[in-house]
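Participant: Sequence:
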Amino acid sequence: MTTCPMTTCPMTTVSGCQSLPARLAFPAHVRATAVPSKRAFQLRQMHGRCPVRQAYNSTIMAAAATAEAPPASSAAGKTPLSLGYTMPGKWFEPHANAWMGWPDSGMLWREDAKPAQKQYADVAKAISQFEPVVMMANPESAAEARSYFEDTPGVTVVEIPINDGWARDWGPSCVVKDDPKTGKRVVAGTHWDFDSYGGTIKKQLGMPTQVPDWTKDNAAGRKILQHHGLQVFEAPIHLEGGSIHTDGEGTLICTEECLLHPSRNPSLGREGIEKALKEYLGLKKIIWLWKGMAGDDAITNGHVDNLACFVRPGVVALSWTDDVNDPQHEISLDAYNRLTGTPDAKGRNIEVIKVPVPYPLFRTHKEANGVHPDHIEKGFCPRIPGERLPASYINHYVANGGAVVPRFGGYSADRDAEAVRILQKAYGPERKVVNVFSREILLNAGNVHCITQQNPAPRN
1 MTTCPMTTCP MTTVSGCQSL PARLAFPAHV RATAVPSKRA FQLRQMHGRC
51 PVRQAYNSTI MAAAATAEAP PASSAAGKTP LSLGYTMPGK WFEPHANAWM
101 GWPDSGMLWR EDAKPAQKQY ADVAKAISQF EPVVMMANPE SAAEARSYFE
151 DTPGVTVVEI PINDGWARDW GPSCVVKDDP KTGKRVVAGT HWDFDSYGGT
201 IKKQLGMPTQ VPDWTKDNAA GRKILQHHGL QVFEAPIHLE GGSIHTDGEG
251 TLICTEECLL HPSRNPSLGR EGIEKALKEY LGLKKIIWLW KGMAGDDAIT
301 NGHVDNLACF VRPGVVALSW TDDVNDPQHE ISLDAYNRLT GTPDAKGRNI
351 EVIKVPVPYP LFRTHKEANG VHPDHIEKGF CPRIPGERLP ASYINHYVAN
401 GGAVVPRFGG YSADRDAEAV RILQKAYGPE RKVVNVFSRE ILLNAGNVHC
451 ITQQNPAPRN
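Residues in the sequence shown are numbered consecutively from 1, following the working numbering.
Derived from the structure by calculation, the hints contain no laboratory data.
Some hints could be false.
Label pairs and their computed distance ranges (CB to CB) [said to hold, decoys possible]:
1. PRO139 with ARG421: 38 to 48 Å
2. GLY183 with GLY347: 20 to 30 Å
3. ASN337 with ARG421: 20 to 30 Å
Below, in silico cross-link-like pairs of lysine-lysine (PhoX-like), each with a Cα-Cα straight-line distance of 25 Å or less [what the hints assert, rightly or not]:
4. LYS223 with LYS278
5. LYS78 with LYS184
6. LYS284 with LYS78
7. LYS354 with LYS285
8. LYS114 with LYS125
9. LYS78 with LYS181
10. LYS425 with LYS346
11. LYS346 with LYS275
12. LYS354 with LYS432
13. LYS216 with LYS354
14. LYS114 with LYS184
15. LYS177 with LYS284
16. LYS177 with LYS275
17. LYS346 with LYS285
18. LYS346 with LYS114
19. LYS216 with LYS203
20. LYS78 with LYS275
21. LYS285 with LYS275
22. LYS78 with LYS223
23. LYS278 with LYS177
24. LYS346 with LYS177
25. LYS203 with LYS78
26. LYS184 with LYS284
27. LYS216 with LYS114
28. LYS125 with LYS432
29. LYS354 with LYS366
30. LYS378 with LYS114
31. LYS346 with LYS278
32. LYS181 with LYS114
33. LYS278 with LYS78
34. LYS425 with LYS354
35. LYS366 with LYS118
36. LYS177 with LYS285
37. LYS177 with LYS223
38. LYS346 with LYS284
39. LYS378 with LYS125
40. LYS78 with LYS285
All C-beta atoms, glycine included, are put in the ideal place defined by N, C-alpha and C.
Construct the entire structure; sequences and hints are all you get.
Facilitator: This is how it looks when you write it as structure tokens:
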């Protein structure tokens, strides 16, 4: 056994760690592939993160100073804000449809994505009770996708090439305005420069990314807008849709952990990021939270859509635990203190509704070993046994007259029921809250909200 020199690492006595591929510049004992000790796994579970991720993120920070900014907008001077657009709220603006993307990669999903496809289909069918679903799929996977929906006319499969199924993150963020000449509601879309969660910088360092080649995903957000005949605004910023939540009235919440992460937009800083968000989403105020969910640091670097969301203007639902020994408690308490009583863009003091998190969930050996054996060597993020999963009920989709919430079952079944009860009360009788099993989706650090994106409906 070798003593680990990383003094902040709880894996103090391990023969190796399978967290990262061998080519990375970490000590030999870290690069080894032997399974860590049982105690190391217990500590990893307790802290909700792989300790080697700390070194992983520190290496990114060292390279951030040399990073280049995203390309400038192709419509300089004509931003959504300057043209009177704003990003609407999800709950009171009617939707034309929901967008989703069909998963098909064994490098990302276990067992060639078959279990994930089943749960993606379940989510799409649940949403189709309330509004149509447009499912984007690679041409070679479209027939398979359609076979899941032969008895579900509310789901339409369109052939648009994608790398992965996280439509929230690479999809467009739609904005709306009322045309003063016609009196009609006009819909357009902001297309972010998606680079797979900071992949531009991570690849420069030879580090794994969620998807090593994200060109299809980055193009898909633009293509789906064009498919619907909507105007496209190209935003000059690396961003994922799951890293932001808006109230539809000019207020946005996000986390410092994600938007200020050195792999995203290090040349912009907080002020530059705020300016871009306001210009391309028509915002007036941004509320910064500290971190995302425990276990959500490795891939997304702390998306807000696992932690907090608006249920209506002035009211935020927040992932919560009373367990002071859970790392999530400190994160949730900090968010609660930052949100409670803080005025939004309209001057209302924000009210917080606490939604309990499920009991901590962890990746099993079977789940980690189910992905393609070459996924690490091909540059995909490793799947680590014992790694905490960022399970949350906040990561749900709000549809026309409904909401689709994650369900985990097992020893969290009571939490599943409590979350539905709390969210049903928060949304009111005009919206039916349903839940669907979604652990397979969670295995890739996301959930129902992450795999969906709303398309607002134009109206007269």
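Participant: Next, verify each hint and record whether it holds.
Facilitator: Quick rundown of the hints versus the structure:
1. A beta carbon spacing of about 43 Å between PRO139 and ARG421 agrees with the range 38 to 48 Å that was offered as a hint.
2. Here the CB-CB span from GLY183 to GLY347 is close to 28 Å, well matched to the stated 20 to 30 Å.
3. For the pair ASN337 and ARG421, the supplied restraint of 20 to 30 Å holds, since their beta-carbon distance comes to about 25 Å.
4. Pair hint LYS223 plus LYS278 holds up; C-alpha atoms about 24 Å apart against a cutoff of 25 Å.
5. In summary, the hint linking LYS78 to LYS184 is supported, as the alpha carbons are separated by about 20 Å, within the 25 Å threshold.
6. Straight-line distance between C-alpha atoms of LYS284 and LYS78 comes to about 17 Å, which keeps the hinted pair within the 25 Å bound.
7. Only pairs whose Cα atoms come within 25 Å are accepted, and LYS354 paired with LYS285 is accepted, the gap being roughly 23 Å.
8. With a C-alpha separation of about 17 Å, the suggested pair LYS114 and LYS125 falls inside the 25 Å cut-off, and the hint holds.
9. Restraint check for LYS78 and LYS181: the C-alpha separation of about 19 Å stays at or below 25 Å, so the hint holds.
10. At most 25 Å may separate the alpha-carbon atoms for a hinted pair to count; LYS425 and LYS346 meet this at roughly 24 Å.
11. Distance hint between LYS346 and LYS275 is fulfilled; the C-alpha atoms sit about 19 Å from each other, no more than 25 Å.
12. Under the criterion of a C-alpha separation no larger than 25 Å, the hint pairing LYS354 with LYS432 is consistent with the structure, at around 19 Å.
13. Of the supplied pair hints, the one linking LYS216 and LYS354 is violated, its CA atoms being roughly 38 Å apart against a limit of 25 Å.
14. In summary, the hint linking LYS114 to LYS184 is not supported, as the alpha carbons are separated by about 43 Å, beyond the 25 Å threshold.
15. In summary, the hint linking LYS177 to LYS284 is supported, as the alpha carbons are separated by about 15 Å, within the 25 Å threshold.
16. Of the supplied pair hints, the one linking LYS177 and LYS275 holds, its CA atoms being roughly 20 Å apart against a limit of 25 Å.
17. Proximity of LYS346 to LYS285 is assessed by CA-CA distance (about 9 Å); at most 25 Å being required, the pair is judged to hold.
18. Distance hint between LYS346 and LYS114 is unfulfilled; the C-alpha atoms sit about 46 Å from each other, more than 25 Å.
19. Between LYS216 and LYS203 the CA atoms are separated by roughly 17 Å; this keeps the pair inside 25 Å, and the hint holds.
20. Proposed proximity of LYS78 and LYS275 is supported: the alpha carbons are some 14 Å apart, at most 25 Å.
21. This hinted pair checks out: LYS285 and LYS275 have alpha carbons roughly 10 Å apart, not beyond 25 Å.
22. Pair hint LYS78 plus LYS223 holds up; C-alpha atoms about 20 Å apart against a cutoff of 25 Å.
23. Straight-line distance between C-alpha atoms of LYS278 and LYS177 comes to about 15 Å, which keeps the hinted pair within the 25 Å bound.
24. As the CA atoms of LYS346 and LYS177 are separated by approximately 18 Å, the hinted pair is consistent with the 25 Å bound.
25. Of the supplied pair hints, the one linking LYS203 and LYS78 is violated, its CA atoms being roughly 32 Å apart against a limit of 25 Å.
26. Between LYS184 and LYS284 the alpha-carbon distance is near 23 Å, which keeps this suggested pair within the 25 Å criterion.
27. This hinted pair checks out: LYS216 and LYS114 have alpha carbons roughly 21 Å apart, not beyond 25 Å.
28. For the hint linking LYS125 to LYS432, the alpha-carbon distance of about 15 Å falls within 25 Å, and the restraint holds.
29. Of the pairs offered as hints, the one joining LYS354 and LYS366 is violated, with about 33 Å between alpha carbons and a cut-off of 25 Å exceeded.
30. In summary, the hint linking LYS378 to LYS114 is supported, as the alpha carbons are separated by about 21 Å, within the 25 Å threshold.
31. Under the criterion of a C-alpha separation no larger than 25 Å, the hint pairing LYS346 with LYS278 is consistent with the structure, at around 15 Å.
32. For the hint linking LYS181 to LYS114, the alpha-carbon distance of about 50 Å lies beyond 25 Å, and the restraint is violated.
33. Taking the CA atoms of LYS278 and LYS78, the gap is near 13 Å; set against the 25 Å cutoff, the hint holds.
34. Among the hinted pairs, LYS425 with LYS354 is consistent with the structure: their alpha-carbon atoms are about 12 Å apart, no more than 25 Å.
35. Proximity of LYS366 to LYS118 is assessed by CA-CA distance (about 18 Å); at most 25 Å being required, the pair is judged to hold.
36. With a C-alpha separation of about 18 Å, the suggested pair LYS177 and LYS285 falls inside the 25 Å cut-off, and the hint holds.
37. For the hint linking LYS177 to LYS223, the alpha-carbon distance of about 21 Å falls within 25 Å, and the restraint holds.
38. For the suggested pair LYS346 and LYS284, the alpha carbons sit about 9 Å apart, so the restraint of at most 25 Å is met.
39. Restraint check for LYS378 and LYS125: the C-alpha separation of about 33 Å exceeds 25 Å, so the hint is violated.
40. Between the alpha carbons of LYS78 and LYS285 the distance comes to roughly 20 Å, so the proposed pair stays at or under 25 Å and holds.
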